[in-house]
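Colleague: Sequence:
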Amino acid sequence: MIVDLHTHSYYSDGVLSPKDIVMKAVNAGCHYLSLTDHDSIEGLTEASTCSKDLNLNFIQGVEISAKHLSYSIHIVGLGINPNNKFLVHGLMKNNKLRIDRAKEIGKSLAHVGIENAYEKTKSLSKTKYITRTHFAQMMIKEKICNNLPSVFKKYMTGNKPGAVKVDWASSIDVINWIHQSGGLAILAHPLRYKLTSTKMKKLVSELKDIGLDGIEIVNSFSSLDDIARSKKIADDYELLYSCGSDFHGWSNQSIELGKIPLYDYGKKFVINYL
Numbered sequence: 016m017i018v019d020l021h022t023h024s025y026y027s028d029g030v031l032s033p034k035d036i037v038m039k040a041v042n043a044g045c046h047y048l049s050l051t052d053h054d055s056i057e058g059l060t061e062a063s064t065c066s067k068d069l070n071l072n073f074i075q076g077v078e079i080s081a082k083h084l085s086y087s088i089h090i091v092g093l094g095i096n097p098n099n100k101f102l103v104h105g106l107m108k109n110n111k112l113r114i115d116r117a118k119e120i121g122k123s124l125a126h127v128g129i130e131n132a133y134e135k136t137k138s139l140s141k142t143k144y145i146t147r148t149h150f151a152q153m154m155i156k157e158k159i160c161n162n163l164p165s166v167f168k169k170y171m172t173g174n175k176p177g178a179v180k181v182d183w184a185s186s187i188d189v190i191n192w193i194h195q196s197g198g199l200a201i202l203a204h205p206l207r208y209k210l211t212s213t214k215m216k217k218l219v220s221e222l223k224d225i226g227l228d229g230i231e232i233v234n235s236f237s238s239l240d241d242i243a244r245s246k247k248i249a250d251d252y253e254l255l256y257s258c259g260s261d262f263h264g265w266s267n268q269s270i271e272l273g274k275i276p277l278y279d280y281g282k283k284f285v286i287n288y289l
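So the mapping is simple: our numbering equals the position in the sequence shown, first residue as 1, plus 15.
One should not assume that every hint holds.
With a straight-line Cα cutoff of 25 Å, these simulated PhoX-like cross-link-like pairs (lysine-lysine) come out [to be verified]:
#: 1; residue 1: Lys34; residue 2: Lys141
#: 2; residue 1: Lys216; residue 2: Lys283
#: 3; residue 1: Lys158; residue 2: Lys214
#: 4; residue 1: Lys137; residue 2: Lys122
#: 5; residue 1: Lys217; residue 2: Lys169
Quick caveat, the hints were computed from the structure, so don't treat them as lab data.
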């Protein structure tokens, strides 16, 4: 069974429309799909309608930026009700922060000689929301950097010019929004945070205490060791398993929709609880 519960359309930092995402999922042989745009539920109606027409099992989703102590993390909501007022109002707050951050990134990049960064980047987004991925794609297009990793390394992380800090909604609030909307809260790509084993255990333990339901244990680049490590974290804290490609659709990204290492998730697979 092919399941992809982490994808992005142009309603956040992807390239394709929700309909095109669904079409790609069908062509990839997916049995279940979720669209999880960053802090956005705007593409869900289109994706859901198209999925029904093509007999694809569609799960309403969203990926929400959250702050837990000093960490910026992403929490995926699966099986949400996109009309829930708590979720809608929460996402509005996060998106205000996202718009403000984009403008600040533009100003910061101007200080290091990258002029009109905000305006150039805005032209790459089909919505008013601009992400760091959009800035990265702009810098590749302008030949400032050759690829995404080099952009983030030189400009978007740590104390680099484009690494504007954001005081996202707290993890407690984000998990509450997801639960209030009837969804399950999943920690996205846990190994990407590059935490030590001790810090990862502390993070997951604290998130579990405030309601975390599961962990994304498999993504497009998961090795067998990665899966085993993520699975152990989930098992140690009695959390559900989830999986997703984190597909965005940019031509210079190698991630493909539905191309996830197959794994026998058993009864703890999040699909069983949606």
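Colleague: Is it true that the CA of Lys216 sits at most 25 Å from the CA of Lys283?
Modeller: With Cα atoms ~19 Å apart, Lys216 and Lys283 stay inside 25 Å; holds.
Colleague: Taking only the CA atoms, is the gap from Lys217 to Lys169 under or equal to 25 Å?
Modeller: 29 Å, violated
Colleague: With the threshold set at 25 Å, check whether the alpha-carbon distance from Lys34 to Lys141 stays at or below it.
Modeller: 15 Å, holds
Colleague: Quick one, are Lys137 and Lys122 close enough, alpha carbons at most 25 Å?
Modeller: Given that 25 Å is the threshold and the Cα spacing comes to 14 Å, the pair holds.
Colleague: Sort out whether Lys214 lies within 25 Å of Lys158, counting only the CA atoms.
Modeller: Since the Cα atoms of Lys158 and Lys214 sit roughly 37 Å apart, the hinted pair is violated (cutoff 25 Å).
When each numbered hint is compared with the structure, violations occur for hints 3 and 5.
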